[in-house]
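Student: Chain residues, written in single-letter form:
Number of protein chains: 4
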Amino acid sequence: MAPKKLQVGAAGLGRMGKRHALNFLNRAPRSQLVAAFSPDPEEIQWAKQNLEPYGVTLYTKYEDMIQHPGLQAVVIGTATSVHAEEAIKAMEKNLHVLCEKPLSINLDICNEVVAAAKQRPHLKVMCGFSRRFDESYRAAYRKVENGLIGRPSVLRSQTCDKHDPSGFYVEYASWSGGVFVDMAVHDIDLTLWFFGSDVVPKSISAYGITAVTPDLKKYNDFDNAVGIVEFHNGKIAYYYCSRMMAHGQEDVTEIIGTEGKLSVNLNPQSDLVNYYHAGGITREVPPHYWGRFEQAFVKETNEFVDSCLDDTPLPMKLSNAVKAVQIGAWLQESLVSGKQLRFDETGRRVEAAKI
Amino acid sequence: MAPKKLQVGAAGLGRMGKRHALNFLNRAPRSQLVAAFSPDPEEIQWAKQNLEPYGVTLYTKYEDMIQHPGLQAVVIGTATSVHAEEAIKAMEKNLHVLCEKPLSINLDICNEVVAAAKQRPHLKVMCGFSRRFDESYRAAYRKVENGLIGRPSVLRSQTCDKHDPSGFYVEYASWSGGVFVDMAVHDIDLTLWFFGSDVVPKSISAYGITAVTPDLKKYNDFDNAVGIVEFHNGKIAYYYCSRMMAHGQEDVTEIIGTEGKLSVNLNPQSDLVNYYHAGGITREVPPHYWGRFEQAFVKETNEFVDSCLDDTPLPMKLSNAVKAVQIGAWLQESLVSGKQLRFDETGRRVEAAKI
Amino acid sequence: MAPKKLQVGAAGLGRMGKRHALNFLNRAPRSQLVAAFSPDPEEIQWAKQNLEPYGVTLYTKYEDMIQHPGLQAVVIGTATSVHAEEAIKAMEKNLHVLCEKPLSINLDICNEVVAAAKQRPHLKVMCGFSRRFDESYRAAYRKVENGLIGRPSVLRSQTCDKHDPSGFYVEYASWSGGVFVDMAVHDIDLTLWFFGSDVVPKSISAYGITAVTPDLKKYNDFDNAVGIVEFHNGKIAYYYCSRMMAHGQEDVTEIIGTEGKLSVNLNPQSDLVNYYHAGGITREVPPHYWGRFEQAFVKETNEFVDSCLDDTPLPMKLSNAVKAVQIGAWLQESLVSGKQLRFDETGRRVEAAKI
Amino acid sequence: MAPKKLQVGAAGLGRMGKRHALNFLNRAPRSQLVAAFSPDPEEIQWAKQNLEPYGVTLYTKYEDMIQHPGLQAVVIGTATSVHAEEAIKAMEKNLHVLCEKPLSINLDICNEVVAAAKQRPHLKVMCGFSRRFDESYRAAYRKVENGLIGRPSVLRSQTCDKHDPSGFYVEYASWSGGVFVDMAVHDIDLTLWFFGSDVVPKSISAYGITAVTPDLKKYNDFDNAVGIVEFHNGKIAYYYCSRMMAHGQEDVTEIIGTEGKLSVNLNPQSDLVNYYHAGGITREVPPHYWGRFEQAFVKETNEFVDSCLDDTPLPMKLSNAVKAVQIGAWLQESLVSGKQLRFDETGRRVEAAKI
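Protein chains in written order, with our numbering: chain A, 1 to 355; chain B, 1 to 355; chain C, 1 to 355; chain D, 1 to 355.
Hints are supplied without guarantee of correctness; some may be wrong.
Identical chains share a label here; the pair holds if one copy fits it or two copies do between them.
Cut-off 30 Å, straight-line C-alpha distance, at most; resulting in silico cross-link-like pairs (DSBU-like, lysine-lysine) [unchecked claim]:
1) Lys217 / Lys118
2) Lys18 / Lys299
3) Lys317 / Lys143
4) Lys299 / Lys339
5) Lys218 / Lys162
6) Lys339 / Lys89
7) Lys48 / Lys317
8) Lys4 / Lys217
9) Lys4 / Lys18
10) Lys162 / Lys93
These are computed hints drawn from the structure, not numbers from a lab.
My request is simple: use the sequences and hints to build the entire structure.
Tutor: What follows is the structure in structure tokens.
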């Protein structure tokens, strides 16, 4: 008898939602995409051509989709503002949940999702941070585990996007939570991975500029920002995020230990080609995160499916996702206010003046 | 109604056969693996666990498998010695064929397959050369097509394997055809791609040594060999193949044109990690070709399926595969004899003395 | 008639003093080293063998050396604590001065030197920052001047030393001024070069740890430190200094502009050799700054000599050297206090609370 | 008393002659350039401004210069056709000789120089091959000596020049000896260094094209050529030389051993800058060999001087220089004739047919 496949529904069919749906449909052999939801007629149109012929039932109401007979899991790739609500509704229907990051840019709402998940420990609820599934980051992590760099002590990480002159990111800033919540949250998550999820911030400082998109100011956002998080256990992480790169996506991480160092993607490249010409030697760079992390998303899909079917632990904890957003929000607060934030050893916020 | 999927049978479930079977099963959404064949009980045992549960019927006779109801195509990953026979039998059953390289190490047999395919132009018959499906080689090819390097004139290409101290390659040499047929055939195929499949050799010379595996001599093979093919249209290709690499797989190609140059994989790497330690900065290298070309095999699978279902041209011609083996065999002849081979402008072999 | 050579005296013959003396003796064709001073008998012993035979008169008192007949210039490579005093005394004897950095770790004393130099505009007085003379930094600077990266907006720079387990750096910390004054001063100087020397800090924040040398704490110093300087004109510089590198010296700079980016030494290397072995591919890294900047020091020597002989402008202003130390001292203050420093648009220090 | 400096005369003040003269004048502390010769009025004019003021006596006849009082050594940088004659005349005057490569493109003449030198073992006579003095090649050699790659077995080396569209190289080909004598001689010399100078060729084959400079054919030369030298002790070297590079000078060497591999300059670069722009990431390449080997020439100068003054062995043997030219000439013969050359174990040329 054929092994049972995880029956999955995909919520949201925008840019990232489509990719999730197709990954579950085509690139996760143990899953079966049986349902998909979008409120958007254009997206439904796309789904009629690309999903429906393969046995996927389409829905225009989320509540309907999660009642699809036999459904076991949902992947949520809708607008951030409805992630949490949809995740909780899915859990209420006893469905496993893979939710695109972030759960919410509002911490209280994030925590509601975590609380809901805690009440249903038999469900697998994951907020995917793609870099955790990337081969290179995993190879680096194994080296750390094997003690090759001693005790990780300083982490530098950056998320730098190719400049998009269309103005899209101005509107986007109105609801994205700002660069540290939207972009650096990946770097923060890596920090929690490499330093341990129990690290407690001691101080947080951040500074930014609007070098190419001055209109970002109206939403209190920046096109370049630098931040430092000092932790109580003698570790430091520092971040750079930018939407100004001419050359493409450049997400770099360095983990500096007491006995060695690791770098990941220090020399970004689209492929293994070098072009030699009168101006020198040139290699290209992926224009977007998909060019860098496509295979990580495939692995995320498959590992989520395995965990649901085999009832094995997920590769990352939901609470981490919330903690990363929390630190991102603090960095953003410091960025906007220009003030340093301080915390005591229990993680409680204290007045800078009192330190 | 669900789109029809290509009904595929997999012949041979050894190392590469397993990979082909799994690619058609799991990584080619438009294909359905319905049958598999192996004469080997261990391989059948593996298939009972990994294929049968997903609806794949298992056969221990090739002739039986190709009569599987509804079968439309076979992927042949058996021993090289039966590739040609199986390919021809499949065509006789009106099946499309994707055959692992080479069709045969015997040129006459290769040509029989080509002749059989010519008689059935409605069938798609491909001998896969993985590098043709690799993103980096394709990016390089597009740059050539766009004129970025002028007229390609010199091609350097190497296939270098990690040293395997087990002695496996000694026995292997007894039937592999030798390093130029087994390894450099990929580099020769690239030459036909980048220089054009109509190039005519003018002279062929090759030299080799047995630096770490002297036993290879008994089968007239070498662990390191260098060869040059001079073409009549003023182009030169030169090759290096080795089974002696300490660090891993290192397949490098340079295409040198009148106005620029392209390199592919000049700096091999397993991933994007650099490790900094007291001895310097180190990156790792894939131990085997699978680490370098896994995604190329996936693309090969999908493009073959598309071509069968949509009746579109295959991305490479079967005759090229034979021509690559032919040139490989000549290089091997020169390698063993120590003599230069020469050809007139029609490609006819001539005595060196007559030139 | 032979062109006149600049008659130079070298003060201090410690590690760096020796190098300066030898550069003026052997690698600056338009200079003649005629005198050298050291209070240290061992250094004088070295000089008897290495300088005296070439016509260099040795002195054990600085005041005596600067009275050497015909002397035109001094290079000061003594202990930092006497740099300023010796520089001023030299100017009083009408001598040009090339002073190893820093003039002093005390800002008031630095300013005294600048004031003394302003009174004698015919004298060339330079505090050398070696990176200004490095071919790679100059190539980067030319690209900025040519507009290749648009408006430089963010600068990342690090000075990272190979870990020295001898404990030397603990004592050294008692008088070095701390990591930001001793190490990051180079990165700050680069900032003044690439952003313009008129940039005005808006805020300064720094954080540090003692990961491998806890004894540094007794001198209020750190073995790893990160700092951010925000400038009033919408630019940001951020720095990392470390004495913990396992692999060697790693001084990296990135200049990020509105239309492009430049990196300098992102992939440090001792030479052009890669070593391929069972563990991967390894390149070595220079253990010390001399391995990276030797040729820059030679160029510094020659350009100083040219400027003295030809009465042409020095390649960098003395006031910049003081400004770099000032910013370094502020970073160090923030590092030790854990507090953010703030400045108004005129550069005047203001209370954080008042912002 | 001042240590005695080697009294040197420079013969020839063309492009390379000027560089040698200036190296002895300014960058070799233990040498004193006292004389210079050129038959060319323009070069003498240059010398009046750049050498004479520093105490260098100028001569328009070589025979006069070598009688300069107190002269101890000459550096010969004249036209290749007079190298040998001038070297022998210098030896007859009891002068040490540093001769720019090659001694001659005629082997008999080369051997006359070697014979003359053998008669005067107290003289230091060196034909400089710059790569022997390059830090990177030396670092590679030390690794080989330390056994890091086992037994060197295959050597790949290329000398590739930036394309010069001026037509200069056509005339040059009439007397340069051809690409293997003029360019690959460096790669051959490296082979003798890394494989040992006692290696005996077994066969030699070479092939070439004229891809961008068809006029080279009239002098039997090529703008791209590939050659293989098989040695009797189970080693192989293969070479590529080209005058067609769009990007600059690219001299690469790989030494492949039984247990590891070394590469030198696999990724050529002018400096440590990377430029990130809309088309990707670009680094520049030195346009000429001077950009790659300037410091090697300085070291060559100083080591020659040390050897003369201290009567220590020269770092390379004169006979090697001849052997490199001999192998280069054989490669060139094969290149022009299209025939393989063969040699018995004593190195005696045998007919291909007899093998």
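Student: Now look at each hint and say whether the structure bears it out.
Tutor: Here is what the structure says about each hint:
1. Neither within a single protomer nor between protomers do Lys217 and Lys118 lie at most 30 Å apart by alpha-carbon distance, with minima of 39 Å and 43 Å respectively.
2. Taking CA atoms no more than 30 Å apart as the test, Lys18 paired with Lys299 passes in both settings, with 16 Å inside one copy and 20 Å between copies.
3. In the homo-oligomer, the alpha carbons of Lys317 and Lys143 lie at most 30 Å apart inside one protomer (21 Å), although the nearest pairing across protomers, at 44 Å, exceeds that limit.
4. Proximity of Lys299 and Lys339 under a CA criterion of 30 Å is satisfied in neither setting, with 40 Å inside one chain copy and 43 Å between copies.
5. Proximity of Lys218 and Lys162 under a CA criterion of 30 Å is satisfied intra-copy only: 22 Å inside one chain copy versus 45 Å between copies.
6. Within a single copy, Lys339 and Lys89 get their C-alpha atoms no closer than 38 Å, and across copies no closer than 45 Å, so neither meets the 30 Å cut-off.
7. For the homomeric pair Lys48 and Lys317, neither the shortest alpha-carbon distance inside one copy (35 Å) nor that between copies (36 Å) is at most 30 Å.
8. For the homomeric pair Lys4 and Lys217, neither the shortest alpha-carbon distance inside one copy (52 Å) nor that between copies (53 Å) is at most 30 Å.
9. For a Cα distance limit of 30 Å, the shortest separation of Lys4 from Lys18 qualifies both inside one copy, at 24 Å, and across copies, at 22 Å.
10. Within a single copy, Lys162 and Lys93 get their C-alpha atoms no closer than 40 Å, and across copies no closer than 53 Å, so neither meets the 30 Å cut-off.
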